[in-house]
Amino acid sequence: MTITARPAPNAAPARLKVRKNINSLSTQELADFRRAVKQALALTDKRGFDYFASWHGVPFGWCQHHDPLFLPWHRAYLYWLELALQSQVPGVTLPWWDWSTAGGIPSAYSDAQADGEQNVLAKAPVKTFSTAPKSGWPTETSRAPGEVPQTPGPPYGQEWANAMKADNYTDFSQRIWTVHDTVHVWVGGTMGQVDWAAYDPLFFAHHANIDRAWRIWQTAHPGANPPANILDTSLQTDPAMKVQATLDVNQLGYEYAGTQSTVPGSA
Amino acid sequence: MQRWTSQPIAVPPRTSWQRADLEFEGVEHDGASFVMHVFLNNPDADETTPRTPEQRYAGYLTVFAHGDCWGDAGHCDIPEPVSAFDQRPPHPLIPFDATLEITEALGALLDGTGLDGTGLDGTGPDGTGEITVTALAFNKADDTDGVLRFKQLTLLTYA
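Protein sequences appear in the order of chains A and B.
Quick note on numbering: this note's numbering labels position 54 of the first sequence as 54, and the sequence is numbered without any gaps.
Quick note on numbering: this note's numbering labels position 115 of the second sequence as 1115, and the sequence is numbered without any gaps.
It is worth saying that the hints were derived from the structure and are not from the lab.
For glycine and all other residues, C-beta sits at the position ideal for the given N, C-alpha and C.
It is possible that part of the hints are untrue.
[Claimed, not checked] Computed footprint of chain A on chain B, listed as stretches where at least three residues anywhere in the stretch have a Cβ under 8 Å from a Cβ of chain A:
#, region
1, 1005-1016
2, 1050-1062
3, 1086-1092
4, 1130-1139
[Said to hold, decoys possible] Here are some chain B residues pointing at chain A (derived, C-beta under 10 Å):
#, residue
5, 1027
6, 1095
7, 1159
Please model the entire structure based on the sequences and the hints provided.
Below, the structure is given as structure tokens:
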């Protein structure tokens, strides 16, 4: 399948990047993604992983939860991070973790070792951007999947289906953030706290799936946008992005696909 | 475990609605993340109660919360806008509303297919029922008492 965005006049068509299920990445694609994350983790300036992780909770606290800005803010967040990763390794995209069908954390994110070294997707340092750590702050990410009492675990197929049944944006947003919250709490550890969750690379696979859910729901409900009074709202990211600009993933240069197969042409 | 049981809440007759939601208004999320399980007319429910229709289990909500305040004094206080021209984004700790659809559970309650099938289910003589919520903090080290804080609970039904 080839997906193209509408080209500017006299310009070559812009090829959309495809975000894929983490379990469908080729060995090379997964290695490239790990390399991008590893290189971004090594940067201490605004190109680095820590800078982006700092947006969500400690120290910047820019994230939006439990309100209509939840989906647009996180879409913008992933967009800016993905560009930063593509600056490290061209062509990489954020994979998604499909917790609606998967029974646990994908091995790509849970295996302690990968490619003969520590798996950067399994554990990451917590380094708050331009902020000296305080006593009691975590120094690295942690998880405790399934150890949080009384918290239902994946797969969350029923919750996903319930969200997809929503017939308006507000309902959909609320239903999907509900299962979003559950995934965070089920993973536990730093992923279970707003302040620290985004330091874990798993965060972005989780949110890519949330973003994918929104994309799927949007496709089934064309024109079902967020409330009109927030479309002109500037989302707090760096740089800022208006809600209106988040509505069409193709305008942001990406699409979601389960698989991608390409064969040579005749030229 | 924290347990909260509502005052009797008016429940419309089953024939008058197609969908029923519980709306928890003003849920605080400035502490530990937590999960809450909702039971209908089962005030003794606790963390050991099976989450089954027979126990009038209605569903769960999980709240991904911020954790302890890490800033300086006042950092987590929700400020009032300083002027009509204050365009700063809303404070992240503003309480939110959470909705749980309970159509099936409430329908079963009113149909009398609940706990023991003896007809003790359904609403009371005044057409009311009780909502019981059990809540547990996600981190065992966190104090579960008081983890669930919200302003009010509304039962919404839709024809």
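Tested hints:
Counting residues of the region 1005-1016 of chain B whose beta-carbon sits less than 8 Å from any beta-carbon of chain A gives 0, not enough to reach three: the coverage restraint is violated. Judged by the Cβ-Cβ criterion of 8 Å, the region 1050-1062 of chain B is covered by chain A as claimed, because 3 of its residues qualify and three suffice. Only when three residues or more bring their CB closer than 8 Å to a CB of chain A does the claim for the region 1086-1092 of chain B stand; here the count is 3, and the claim holds. Residue count for the region 1130-1139 of chain B with a Cβ under 8 Å from a Cβ of chain A: 4. That meets the three needed, and the coverage hint holds.
At a threshold of 10 Å, the smallest CB-CB gap from residue 1027(B) to chain A is about 8 Å, leaving the interface hint in force. Because the beta carbon of residue 1095(B) sits about 9 Å from the nearest beta carbon in chain A, less than 10 Å, this interface hint is met. At about 16 Å, the closest approach between the beta carbon of residue 1159(B) and any beta carbon in chain A exceeds 10 Å, and the interface hint on this residue is violated.
Comparing the model with each earlier hint shows violations of hints 1 and 7; every other hint is respected.
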